[in-house]
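Trainee: Top to bottom, those sequences are chains A and B.
Just so you know, my numbering puts 307 at position 122 of the first sequence, and the rest follows in order with no gaps.
Just so you know, my numbering puts 130 at position 64 of the second sequence, and the rest follows in order with no gaps.
Errors might be hidden in some of the hints.
Cross-link-like lysine-lysine pairs, in silico, DSSO-like; alpha carbons within 27 angstroms at most [what the hints assert, rightly or not]:
{"hint": "1", "chain 1": "A", "residue 1": "K318", "chain 2": "B", "residue 2": "K197"}
{"hint": "2", "chain 1": "A", "residue 1": "K375", "chain 2": "B", "residue 2": "K244"}
{"hint": "3", "chain 1": "B", "residue 1": "K207", "chain 2": "A", "residue 2": "K380"}
{"hint": "4", "chain 1": "A", "residue 1": "K328", "chain 2": "B", "residue 2": "K127"}
{"hint": "5", "chain 1": "B", "residue 1": "K144", "chain 2": "B", "residue 2": "K207"}
{"hint": "6", "chain 1": "A", "residue 1": "K328", "chain 2": "B", "residue 2": "K144"}
No wet-lab data here; the hints were simulated from the structure.
Predicted model only: the values in this text are computed from it and were never measured.
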Amino acid sequence: MTEEKKDKEDKEEENDVFPFIEGERIDLVAGNSKWANLFCNWINNPKVRHYSRNIWPQTLEDVKKRFEHSPDRHIRDVASFTIYHKQEKRPIGIVGLDNINWVSRNANLFALIGEPEHWGKGIAGEACALVIKYGFTELNLHKIHAGIFSPNSRSLRAAEKLGFEKETIIKEAIYIDGKYHDNHRFSLLKRDWQKSNE
Amino acid sequence: MTDDVIPIFIGGENIALVPLNIENIKLYAKWENNPKVRIYSRNILPRTVEELKKYLEPSDKRLKNEVSFEIWHKKDKKTIGFGEVADINWYNQQAYLGLIIGEPDYWGQKIGEEATRLIVEYAFNELNIFKLKASILVVNKGSWRCAEKNGFTRVATFEKDMYVNGEYLDNYEYSLLKEDWLKIR
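All chains should be built: construct the whole structure from the sequences, respecting the hints.
Mentor: Here it is as structure tokens:
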């Protein structure tokens with residue numbers, strides 16, 4: 186690729202990316218169906234899906250469906266963002282809240298860094314911190330929870346760093362690579378988050 | 067019908083809130099089209115039974131943006147109106163309270179007051195609503211007095227807000243915060 190062409194592509198990319206929440210190294214941006222191929226690669230990648238517990242092959246069509254507009258009268262129970270690396274100017278993962286319960290005001294936090302070379306740099310932690318703030322200060326949630334499986338020691342540490350408390354262990358709750366693993370259920374209450382963010 | 071076949075959802079002193087019932091659809095149509103009743107509920111289009119039936123169809127929505135009840139008169143064993151938590155905004159935890167006593171014979175008996183009390187309590191304690199609103203025509207004195215008796219405060223008057231029978235009428239906006247309701251309860 187010539188310099189010129191690359192510049193032009195960078196420019197186009199920038200015009201297409203709309204930061205919704207700005208972070209330090211990353212921005213959280215609205216998803217874009219032009220990244221469907223990329224997402225499809227992440228979701229199916231054996232290294233990535235091992236931790237995100239995806240055991241079903243996902244077709245490109247399946248992934249594209251996620252970008253489809255849902256009817257307005259359905260209240261959404263998911264708020265999902267693409268993690269966009271500011272310096273590298275490219276999407277590197279997905280983060281968000283799902284299973285939002287609007288009556289009891291709680292939701293489940295999820296994060297996936299699709300590019301393994303970005304693992305271990307605290308980027309998922311940065312993305313999660315932004316989403317937690319969003320959940321409490323914009324969605325007015327009361328509690329955010331997360332489920333992490335035993336082999337994912339990096340996420341277990343990250344959860345504690347973010348202020349999550351371990352609520353319980355659900356024993357042998359998931360079958361990964363020939364073995365049953367425990368589900369460590371973490372949670373964070375808004376009042377506790379506020380105290381530690383004063 | 068007797069009390070034991072009525073699926074009471076919330077019981078009050080004189081009335082109970084029960085789920086809507088497709089068997090009563092003609093009754094609903096009667097109320098919604100009744101000139102005396104619809105003037106206050108500002109229903110300006112004829113409502114067919116088919117339309118109402120559609121409304122009662124089970125929806126696959128996981129979370130509704132309105133919840134409606136029948137108002138059941140316990141002593142007279144009769145369905146006399148509707149109550150609803152409508153236009154629920156789940157993001158901001160707000161909703162509108164709506165009420166129709168469809169049988170004019172039951173007006174002026176404080177039934178609206180009791181129904182309002184039951185619906186307010188349901189909205190705050192079960193739906194986790196933060197703020198309830200009501201939009202009531204100034205001429206509809208019975209309704210806004212019933213809101214005031216339940217702690218609602220008038221927050222705005224919208225002049226010439228609704229076109230009713232050839233003229234524009236003023237409209238009040240009422241609101242009740244959960245935190246204020248907890249104090250007066």
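Trainee: Hint by hint, note whether the structure agrees.
Mentor: Quick rundown of the hints versus the structure:
1. A:K318 <-> B:K197: Answer holds: K318 (chain A) to K197 (chain B) is near 23 angstroms, not above 27 angstroms.
2. A:K375 <-> B:K244: Cα-Cα ~19 angstroms, so holds.
3. B:K207 <-> A:K380: 47 angstroms, violated
4. A:K328 <-> B:K127: 23 angstroms, holds
5. B:K144 <-> B:K207: Given pair K144 (chain B), K207 (chain B) holds - Cα atoms ~25 angstroms apart, limit 27 angstroms.
6. A:K328 <-> B:K144: 43 angstroms, violated
Checked against the numbered hints above, the structure violates hints 3, 6; every other hint is satisfied.
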